[in-house]
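Chemist: Residue numbers (our numbering), protein chains in the order written: chain L, 1 to 376; chain Y, 1001 to 1376; chain X, 2001 to 2405; chain G, 3001 to 3405.
There may be inaccurate statements among the hints.
Claimed, not checked - For each label pair, taking beta carbons as the anchor points, the in silico distance ranges come out as:
| no. | chain 1 | residue 1 | chain 2 | residue 2 | range |
| --- | --- | --- | --- | --- | --- |
| 1 | X | Gln2064 | G | Asn3148 | 33 to 39 Å |
| 2 | Y | Arg1002 | L | Lys277 | 43 to 49 Å |
| 3 | G | Lys3145 | L | Glu255 | 42 to 48 Å |
Note that these hints are calculated values from the structure, not bench results.
Here the structure is a predicted model, which is why all the values come from computation and not from measurement.
In this text, a Cβ means the ideal position worked out from N, Cα and C, and glycines have one as well.
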Amino acid sequence: MRNVMGIIHHIKDEAAFREITKYRCVAAIPFGGKYRLVDFPLSNMTNAGISNIGIITSLKMRSLIDHLGTGKEWGLDRKRDGLFILPAASGGNEKNRRRLDLEDIYVNLDYLENSQQEYVLLTGSNIVCNLDLTKVLAFHRQKNADLTVVCSEDYQFLPQDVARGVYLQKEKEGRISAVSPGKPHKNSVISMDMYLLKRSFLLQLLEECASLAKWDFVGEVLPVKVKKIKMYGYVHQGYLGLVNSWQSLYKHQMELLNPEVWRELFWGKGLIHTKLKDGPPARYYETSEIKNVFATSGCLIEGNVKNSILFRKVKVGRGAVIHNSILLPKVEIGEDVVLDGVIIDKNVQIKKGMQLIGNNENPVIIEKNQEIGGGF
Amino acid sequence: MRNVMGIIHHIKDEAAFREITKYRCVAAIPFGGKYRLVDFPLSNMTNAGISNIGIITSLKMRSLIDHLGTGKEWGLDRKRDGLFILPAASGGNEKNRRRLDLEDIYVNLDYLENSQQEYVLLTGSNIVCNLDLTKVLAFHRQKNADLTVVCSEDYQFLPQDVARGVYLQKEKEGRISAVSPGKPHKNSVISMDMYLLKRSFLLQLLEECASLAKWDFVGEVLPVKVKKIKMYGYVHQGYLGLVNSWQSLYKHQMELLNPEVWRELFWGKGLIHTKLKDGPPARYYETSEIKNVFATSGCLIEGNVKNSILFRKVKVGRGAVIHNSILLPKVEIGEDVVLDGVIIDKNVQIKKGMQLIGNNENPVIIEKNQEIGGGF
Amino acid sequence: MKKKECIAMLLAGGQGSRLRLLTKNLAKPAVPFGGKYRIIDFSMSNCLNSGIDTVGVLTQYKPQVLNAYIGVGSAWDLQCYSKEGGVTILPPYVSEDGGEWYQGTADSVYQNLKFIEQYNPEYVLIISGDHVYKMDYSLMLQEHKENNADVTISVVEVAWEEASRFGIMNTDKNGFIEEFVEKPAQPKSNLASMGVYIFNWPILKKYLEKDAVDPESEHDFGKNVIPLMLREKLKLYAYAFQGYWRDVGTVESYWEASMDILDDYDFLNYFDDNWNIYSAPLMQPPHYIAPGVNIKRSLISDGCYVNGEIEHSILFPAVFVDKGSLIKDSIIMHGAQIGSGVKIEKAIIGENVVIGKNSVIGGDGITVIEDKQKLKENSQVGRLYRLKRVDKQAEGVSRYLAESP
Amino acid sequence: MKKKECIAMLLAGGQGSRLRLLTKNLAKPAVPFGGKYRIIDFSMSNCLNSGIDTVGVLTQYKPQVLNAYIGVGSAWDLQCYSKEGGVTILPPYVSEDGGEWYQGTADSVYQNLKFIEQYNPEYVLIISGDHVYKMDYSLMLQEHKENNADVTISVVEVAWEEASRFGIMNTDKNGFIEEFVEKPAQPKSNLASMGVYIFNWPILKKYLEKDAVDPESEHDFGKNVIPLMLREKLKLYAYAFQGYWRDVGTVESYWEASMDILDDYDFLNYFDDNWNIYSAPLMQPPHYIAPGVNIKRSLISDGCYVNGEIEHSILFPAVFVDKGSLIKDSIIMHGAQIGSGVKIEKAIIGENVVIGKNSVIGGDGITVIEDKQKLKENSQVGRLYRLKRVDKQAEGVSRYLAESP
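Model the full structure from these sequences, guided by the hints.
Modeler: Quick look at the structure:
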């Protein structure tokens, strides 16, 4: 796959993630105990041998840049090609809700032009899966396609995400005959927001877009182009999480507690890479009770944790009861705290005795860097 | 200097650099054949042992991030401390012309709070000098100062930069009694835009600023504070270039052609580090005539070059005559071209026979990625 | 090269022959410890945490694993490509006339005098990669300077009944060393040498050169160089270290130190982000704890799948524990696969060992199962069972116990 | 480890004794060349440019400079910490029983069979770090595969009159090798071996093991292994390389190759960003050319200060040339300081040499001045002056010429 380059586009619908995206872009949203969303598309690409990857980002880039560094963990710290941080057009303004904004690529045209690869894989940053992209390229070539979209036949959106989906009409041989953003129809398959095409074709599309000032690849370009080009759908069979909102962010992390999903995602075709951090192994105490939990290094657990995900350096005090919750790095849970259906962002302290109860459809979200309870 | 951290602030007056800052922030402006402006403050800091440095940048960050990487060339690729890219408040909006915008630091307050160092050195990115900062710290401690500003007693602004200067009233013992942005007065010394203070004091100032919504450190805070605190001026004796406009950008580069300046800046107290790039040694041909020129690797020179600076991979065709000009990387000068008083940005081709004439006060600026002449 | 105040020479060539099965393929400093570390991580992290940025690592016995682990040193901010020094691996060198192993601890440093000379330091810190401890060497250096000593040796109080197993210092009331006795039958003090020395560089150089030409010498710091310095009336100061220190030299002490770490609430620094124990981390997903299991007083590393009961044990990364198993007072190394219904007690299970279901491991002593062994279903291994040697799969199993019952 | 199609073993132990003063403190592959490179850069860059991401570098003679230069390999995108392979330095190894130097090129690879086995490649490329050439090994590998050969040897046409200085291949009309003669008095062909081999890995392994037990063998690829393979009727194919290739083995050939590079408009790739010759770059400011000087047909590196006339010469980084000097047909190494009014012709000036003003260097042959020599004002050094040996400063100067006038 040395002849494919990757571009990870910037997801603009940050409002769907509420407080989670207050300080970070969608690509940098923490996921699954030690990852960030961008790790999945990035690792899928580098595992397939793609070594020239551009990531479009907004002003909320700091945690993304800290996370990626020079891309060493993904083998992207190289002289030729490597990892490129690309600023979005007009700062990745949230009000502009283009699904896949070609203008963001157009303002970085020189990067695209100076790259040497024959193909481009355009992908979102919110796609949780472990996928062998070499098969997508083989499929693309075998079909002699102009454009291949990776799609899922059985993915179920949450009700609130349905309007965020892109639905495809797929014919028998895999040919795509219609692209409908937001409107599912009978027998439609779902676009996974991964598009493979020739770099020369993308450059040509960009020139067309510039002349028409129509920039939304999925909303405006594909629905029209699909009639004129050979567009094919490659079906991904394995686990898929499309993280489009805080609800699906919660749901797809909870699915990791299914050992089948854990095994497929993390012990599957390729390893999902992330930034390596120091920290001792998780420590469980005499008083702990742990059931169905996904946890990682630096955790100190004295309480009762069930159906939950603990990121790095989470501390759970004695007598605390944590159910159905996701605790991000450096969260400290005091003694006898009760949590159920809660997402707690980084570096929050929940003081002794507090109770926070949400539910599976509407988890409570606690914004980062706070103390809850205690003092008042 | 392990107990000092550095913050390089974001210069907002980008308009003063015309086309040069169309695609890059001031910190990333190419300077002196192979450097970017940020290399000077960054190298001065790391040469003094400062190993925790934050750089505030705007959306035009791509070339800056490419240049800095993880800071390896400056020894900043480390687990503890290192190099941090900090986004400016509201995207480093150009319309906001605060000279030293504390709001940019305030939005990154957690970085400042989580740092361990006792002192902070606040500095601009446009200060060309080779300075031993350990002496500034020693001076600061010896004076028991609240704030030390590095200043110059003999620096001469270009007329158009006078209003961009900050003028200090310095008393005998070095005590600063008045800070006047924009208005020089008799016997005033010039602020070099480098401020040393305790981190705790900066945090306190930031809280005051936030409560008053006054954010301009130099324009609003210091002129008032100077009466209440012990502010001292440390005098830098050596070469200084304050790059405030495209005119001074030109002037200070031309000064490098003075071997005394070249020696002091590049063979002085500490080495100025920059991103390392590959490229063969410069190649001079039989037909070349070279006088008073600063050039670097990858150049291929067949023509006549005088009083000029050539960046990486510049090609000068046979019969071309280049005087008093600055050619950025990958500029190609065709045969018999005549240039005088011109700054040519990256990756420009000047076709055979073209003539471009500016002058020392008002050099012509050619924007990057163009072909000039030939085709039409 | 920049002149340095203090550089460290880390002795990492140890064979650790009393650790036997754990050091069959690697040097003692490379032995995994504490769930995600190797023993050398403690000394390396001490360097970083003490502000020492130049470390020469003297390797010898089976260095491949250690070399690969140290890599470029960036795990400890000791990038070997840095201009400031960083880590340099110093194996015995082969010249045109051949090469040979270092003859002793002092000889290994003597062979690398040129390396030290490059930095022309004021002080040289000699440490070992075999010990588990957290120490700020800069405090020791400060006392060394304050006492104007030629050499400072770090000592730790050991139980009086154990003192005869150590090198014991007898000091005057100011802390200066009057006598150094290796394994005294009748110890006069309980201050044991930790094998941590600070030398003034010119003194070290002079005495190493002296020692090198002494045909009687074994070229060992403790046996030869220090006693010589004492005989010649140099100022040797004993720095009293307060804290946990352990030479992990035998299977028993390895197991005991592991259990000590397990019981020490914060030895691995859960709370202090400014004193980490650094290691070269692995890319592993978080671990998964299944419903219906019990985990008590244990350390669990990333990548583990735990569907059994874990009590007072350490699981290294990527250990798989199937349903209904019980692991107690044990250490399970990287990648071991424990089948369902297995009982393991007081055992050290090597890397990538596979244990068939319903097996029972452990007996009176400490049972060690060597790396990569595969045990059939219903295997019974441990002190009581060892002598039978029933099946071929038991090859390499608990050989340690068979040898010293 | 990932299975690899092809890995490279780069022979970098050469002493280069005929280069004498240039290789006094470093191995031949580490000799500076072409203004900012070392000779090994060409082979290393060829690997990167050919898509080979795993290289074992076999070192031996004076390896310190070479080790430091290769570092972690990132200059050639061969990061030693990468999971993909990268560069691994393979010195002779000291075991408990001592160690010894590699006995020959084949022995050095034989001693590292385990290294190759880790990657289990299909093909092994053997190259040398002593040669100046740009080559895409992937094209050679392609022909190797197309011809279904056991071994492919890259050959280059040399002048007939020089053919008797090389290992010469006689091939059949399909390019298969029928005969290999080292330095034939009456060459039947002018196809010389470039010391670049591709072996099918199982074949290489088998024949290295055979060669290792042959007491008569010198364990050299050209002298022993290839002839044995020919005797046993293996399919050896000769790949005809088109392009510049030079074994820089003597002072004359070093000087000539330098001048060749100087005259070749684009050997160093000014125009093709996708085929760089990579080197570990130095942090140096741009060079400065003073007014009133002449620079013709020359390569000038960063950090130089040039206030004299430079004609058809190569200046390495940080060379200082004072007023009124003339440098012609010469190579000036890193950091040399040339005083005012100095004339240098057809000379190689070593690193950090200082030449006092008004000196005259050069004579009929090539004058070599060893690293770090300091020459007084008005020194006269060169073939004609050498024999006088007037002043002490001339120690180490042009010893090369004295030995072979």
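Chemist: Taking the CB of Y/Arg1002 and the CB of L/Lys277, does the distance hold inside 43 to 49 Å?
Modeler: Once the Cβ atoms are compared, 23 Å apart, the range 43 to 49 Å for L/Lys277 and Y/Arg1002 is violated.
Chemist: With respect to the beta-carbon atoms only, verify the hint that X/Gln2064 and G/Asn3148 lie 33 to 39 Å apart.
Modeler: Given range 33 to 39 Å: holds, Cβ gap about 36 Å.
Chemist: Should the hint that G/Lys3145 and L/Glu255 are 42 to 48 Å apart at their CB atoms be regarded as holding?
Modeler: 46 Å, holds
Of the hints listed earlier, the one the structure fails to meet is number 2.
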